[in-house]
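Q: So the sequences go chain by chain: A and B. Just so we're aligned: the first sequence equals residues -13 to 328 in the working numbering. Just so we're aligned: the second sequence equals residues -13 to 328 in the working numbering.
These are calculated hints, taken from the structure and not from any lab test. Keep in mind it's a predicted model, so treat the numbers as computed, not measured. Hints may contain errors.
One copy or two, either will do: identical chains are not told apart, so a pair holds if it fits within one copy or between any two.
Okay, derived cross-link-like pairs now, SDA-like style, lysine to any residue, Cα gap no bigger than 20 Å in a straight line [what the hints assert, rightly or not]:
1. Lys292 with Arg270
2. Lys82 with Asp55
3. Lys139 with Gly307
4. Lys303 with Thr269
5. Lys108 with Ala70
6. Lys108 with Trp96
7. Lys153 with Met134
8. Lys82 with Ser46
So you can see what is in the structure, the chains are spelled out below.
2 protein chains.
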Amino acid sequence: MDNPVLVNVTRGSLTESRHRGSLAVVDSAGKTVCALGDADARVFPRSAIKALQALPLVESGAAEALDYDDAELALACASHNGEAIHANSARVMLIKAGLSEADLECGPQWPQRMEDAAELIKVDEVPCQLHNNCSGKHAAFLGLAKIMGGATKGYVNPEHPVQQEIKAVMEQLTGDTLTSDICGTDGCSIPTYASPLRSFAKAFAVFGTGDGLEPGRASAAERLYEACVNEPYMVAGAGRFCTEVMEAFRGRVFVKTGAEGVFCAAIPELGYGVALKCDDGGTRGAEVMMATVLERMLELNEDEAKAIDRQVNPPVKTRRGAIVGDIRPTADFLTALKTALG
Amino acid sequence: MDNPVLVNVTRGSLTESRHRGSLAVVDSAGKTVCALGDADARVFPRSAIKALQALPLVESGAAEALDYDDAELALACASHNGEAIHANSARVMLIKAGLSEADLECGPQWPQRMEDAAELIKVDEVPCQLHNNCSGKHAAFLGLAKIMGGATKGYVNPEHPVQQEIKAVMEQLTGDTLTSDICGTDGCSIPTYASPLRSFAKAFAVFGTGDGLEPGRASAAERLYEACVNEPYMVAGAGRFCTEVMEAFRGRVFVKTGAEGVFCAAIPELGYGVALKCDDGGTRGAEVMMATVLERMLELNEDEAKAIDRQVNPPVKTRRGAIVGDIRPTADFLTALKTALG
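Chain A extracted, bound-state conformation:
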């Protein structure tokens, strides 16, 4: 199945590049509200499901035992910029579990922004694993491993109890069966299981509403949702879609990006979850797709509209800052959404 072109990149009066994609909007009962492209193909969710991967930490009582606060729980769900505030918070999460940077198995990564990289360079440092955009998630995995007892070493391996717990949660929320043949290794070395977008959308509808979950898991989902919308800076950082949109929406939506053009959202007031993938893995395509879905599905106040407008139609600029094109949803995308959403 050929997924449709959902986003165009223009220059002057011509379209310069195109992003195809697929998406699913599903309610907590699993009913599809809208599907564009192939919503049944298996897609690696990558970092878009970090909030779901954090459920065992909270549900088990480990988060409470370790005294993780909202900012730290948000960091557990984050793909952060590696700013000092993010790296320091990951360090504190590890200290609370009696562990350190050396226990992480995610590998090092330069901070996303040059100004944060410069802070390291100026003091002759190189980035460590705390700067990895996944360090909060990994600190949370280690915290859970510590509270569960047994070895913390090897917590990234599919057979480790932490990854087995997460797999069980993902199977419940997606309704999918996760087997080794659909398992890849994420950039931070943990297993990532490919499921249909439809299944991830359902999982986020459930995450945002708690519908059908046993009380402990529903309460863990609510705790993590609240942590992220209360501390959106910890979920990403300066200049980032997830941070800016969650700041403006003040609890109305949860949004989370993943590598290779995946984007997921939970919209509790509608009872919907959203999952989408830009075919080519492009972040700019996925961001315009998600912003367009949010814009078309929700009545927006001024702050929300301002935050979404920036993401629906970002400019293409020269290195002197002149606007010479833009990134925008295609007319077909808008028509398809209108048809599906009414």
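Go by the hints and put chain B onto chain A.
A: Frame of chain A; chain B shown alone:
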């Protein structure tokens, strides 16, 4: 027309992302040897045609008058990393024309690689226009403007004599008529005219052979071709496709990347030019496409095969360096090339 999927990105045993594209291989008489996807759609060539944009500099005698050497001519055709050697060479080109960094109109840009950015940060500097990947091209434009007489200021504007000269050359080599409605502004502020891939492929066949050109222009093309293949480090820099492939091929091919997934090549021994575009603008897709075309069109020696193998099938790695997938040409792409090229 839907362009075919030419490149897959895998993770574990699944395809994670896909790159569609179109390409044309054309001889210097304009006969199409191979066309995949829509080779007639207009595409902005961006930086892939810098070597053609440098023709007026050499043909006019300006390059000789300014005493530009091979390295400087290669830099005029470059999208370089902004390493010290590139920035310094651009500075010398300007000095030779009695000009300075302040005369550039390309805007500043951070060096491509963190280690080069770090050299600036350590001495409390920010990048200047010399670090812009296009600084050599802009220095060459200024050099030509100076020798032509008249104003150097505004040399990036479509109506400036330098840009008019370049437009005339592009019209001859592509056989296309370039009008304002197909003109966009490039990231470095100069005009970029969209033509079909078929036309750019023909232009590079002519560039590599000189076929059909008046002697002065043919000799300018030969001079620029030789400069780039003699000084491939100046065309891009450390770790870059254009540099590594031209180093290994020792004059057999000229290759040049452009923004938004454009890639062009000249293969004089076959009399062919190549132009391709990755639909979504992805560099990784365009690189695998170009490497695949070169691999299938030429008998390769050991060094050439080694350089191409790295580009045809690059690994996808975790942040700890483990290989967990790869980028590769699709089976359909290989079949189509085999059918077209025999």
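Q: Now look at each hint and say whether the structure bears it out.
A: Okay, the hints, checked on the actual structure:
1. Lys292 with Arg270: within (18 Å within a copy, 33 Å between copies)
2. Lys82 with Asp55: Classified as within: same-chain Cα gap 11 Å, cross-chain 62 Å, threshold 20 Å.
3. Lys139 with Gly307: Between copies only: 18 Å across, 48 Å inside.
4. Lys303 with Thr269: both (17 Å within a copy, 18 Å between copies)
5. Lys108 with Ala70: For Lys108 and Ala70, both the intra-copy (14 Å) and inter-copy (19 Å) Cα distances are at most 20 Å.
6. Lys108 with Trp96: both (14 Å within a copy, 16 Å between copies)
7. Lys153 with Met134: within (16 Å within a copy, 69 Å between copies)
8. Lys82 with Ser46: Within one copy, since 16 Å is at most 20 Å while 70 Å is not.
Of the numbered hints stated above, none is contradicted by the structure.
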